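Colleague: Sequence:
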Amino acid sequence: MRKKANPKILKDIYNRLFRYFGPRNWWPGETPFEVIVGAILTQNTAWANVEKAIQNLKEEGLMLPEKLFHLRQERLASLIRPAGYFNIKSQRLKSFLAFLFSSYQGRLNKMFRSETVILREELLKVKGIGPETADSILLYAGGKLTFVVDAYTRRIFSRYGLIDGKASYHQIQTIFYQNLPHQVQLFNEYHALLVELGKTICRKKPNCPACPLKTECLKIF
DNA sequence: GACCAGGCACATC
DNA sequence: GATGTGCATGGT
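When you number the first sequence by my numbering, it's gap-free, plus one each residue, and the end is 241.
Note that these hints are calculated values from the structure, not bench results. It should be emphasised that the depicted structure is a prediction, and the values quoted were computed from it without experimental measurement. Take these hints with a grain of salt, some might be off.
Said to hold, decoys possible - What follows is a list of derived Cβ distance ranges for each label pair:
1) Ser178 - Trp67: 19 to 25 Å
2) Pro43 - Arg92: 36 to 42 Å
3) Lys87 - Gly150: 48 to 54 Å
4) Lys130 - Pro48: 21 to 27 Å
5) Asp32 - Thr220: 16 to 22 Å
6) Gln93 - Lys28: 47 to 53 Å
7) Gln93 - Tyr34: 39 to 45 Å
8) Gly81 - Lys28: 20 to 26 Å
9) Ser122 - Tyr197: 30 to 36 Å
10) Thr220 - Glu71: 17 to 23 Å
11) Ser178 - Gln93: 36 to 42 Å
12) Lys28 - Glu79: 24 to 30 Å
13) Asn69 - Lys145: 35 to 41 Å
Claimed, not checked - In the DSS-like style, the derived pairs of lysine-lysine whose C-alpha atoms are separated by at most 30 Å in a straight line are:
14) Lys164 - Lys219
15) Lys186 - Lys145
16) Lys87 - Lys72
17) Lys130 - Lys164
18) Lys28 - Lys145
19) Lys164 - Lys72
20) Lys186 - Lys31
21) Lys72 - Lys28
22) Lys219 - Lys130
23) Lys72 - Lys114
24) Lys114 - Lys164
25) Lys164 - Lys186
26) Lys31 - Lys114
27) Lys147 - Lys164
28) Lys147 - Lys78
29) Lys219 - Lys72
30) Lys87 - Lys130
31) Lys78 - Lys114
32) Lys87 - Lys145
33) Lys31 - Lys72
34) Lys219 - Lys78
35) Lys87 - Lys147
36) Lys186 - Lys219
37) Lys130 - Lys147
38) Lys28 - Lys164
39) Lys72 - Lys147
40) Lys186 - Lys87
In this text, a Cβ means the ideal position worked out from N, Cα and C, and glycines have one as well.
Using the sequences and the hints given, assemble the complete structure.
Modeller: Below, the structure is given as structure tokens:
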């Protein structure tokens, strides 16, 4: 059973978050490729740990598709060690690179020229890229129109009673598509703001005193 | 020392 | 389709 979301509520939440936190200027990353690497490394991992891994790659001058494509996986794994799951994530980076080089000659410009829906399907076929990572790549590295749903989004909106806690990724995404203007910049900022809110107050279990519906959040909402 | 973090694939029922 | 498990580091 899906609850009906009110378009004004979604936009209102956005406005409040924006007023409180200001523009987030997402994604943190100097190049589209760095954004993609970050999107894979941050899977179920605190960003602070990802930063160390990214720093390691940059210091070695390896933050380029061509470089990582030719780097041995064992070496890659040891460099991204601080980000956790380093064996799995080095495989995932490698599988993305294999896709990038086999389908687009290693060129992100070329990849992002693909139509969004098609490219999303292609990315989802890459082992290690699921819906959130695919959407992060599309939106933040490619500037494509797509909404990123993550653990924070689910937590925050289910506490608001706007979604069922068990709603699927696609169901949650649909609510945003149906109730917000389809603007890349809005989708970009909205997700970033939700992460900011989540980091601030949503660490705790549901129904904790810091829940957005109770005391702590009232400073924001 | 326990618990958690901006997921995903895979096994099993 | 739903649920459980492995993957691993570093901060609180």
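Colleague: Against each hint, give a clear statement of whether it holds in the structure.
Modeller: Hints versus structure:
no.	hint	result
1	Ser178 - Trp67: 19 to 25 Å	holds, 23 Å
2	Pro43 - Arg92: 36 to 42 Å	holds, 40 Å
3	Lys87 - Gly150: 48 to 54 Å	violated, 25 Å
4	Lys130 - Pro48: 21 to 27 Å	holds, 25 Å
5	Asp32 - Thr220: 16 to 22 Å	holds, 19 Å
6	Gln93 - Lys28: 47 to 53 Å	holds, 50 Å
7	Gln93 - Tyr34: 39 to 45 Å	holds, 41 Å
8	Gly81 - Lys28: 20 to 26 Å	violated, 49 Å
9	Ser122 - Tyr197: 30 to 36 Å	holds, 31 Å
10	Thr220 - Glu71: 17 to 23 Å	holds, 19 Å
11	Ser178 - Gln93: 36 to 42 Å	holds, 38 Å
12	Lys28 - Glu79: 24 to 30 Å	violated, 48 Å
13	Asn69 - Lys145: 35 to 41 Å	violated, 28 Å
14	Lys164 - Lys219	holds, 25 Å
15	Lys186 - Lys145	holds, 24 Å
16	Lys87 - Lys72	holds, 19 Å
17	Lys130 - Lys164	holds, 14 Å
18	Lys28 - Lys145	violated, 36 Å
19	Lys164 - Lys72	holds, 27 Å
20	Lys186 - Lys31	holds, 23 Å
21	Lys72 - Lys28	violated, 40 Å
22	Lys219 - Lys130	violated, 35 Å
23	Lys72 - Lys114	holds, 19 Å
24	Lys114 - Lys164	holds, 23 Å
25	Lys164 - Lys186	holds, 27 Å
26	Lys31 - Lys114	violated, 39 Å
27	Lys147 - Lys164	holds, 21 Å
28	Lys147 - Lys78	holds, 25 Å
29	Lys219 - Lys72	holds, 19 Å
30	Lys87 - Lys130	holds, 18 Å
31	Lys78 - Lys114	holds, 17 Å
32	Lys87 - Lys145	holds, 23 Å
33	Lys31 - Lys72	violated, 35 Å
34	Lys219 - Lys78	holds, 26 Å
35	Lys87 - Lys147	holds, 20 Å
36	Lys186 - Lys219	holds, 21 Å
37	Lys130 - Lys147	holds, 21 Å
38	Lys28 - Lys164	holds, 24 Å
39	Lys72 - Lys147	holds, 24 Å
40	Lys186 - Lys87	violated, 41 Å
Checked against the numbered hints above, the structure breaks hints 3, 8, 12, 13, 18, 21, 22, 26, 33 and 40 and satisfies the rest.
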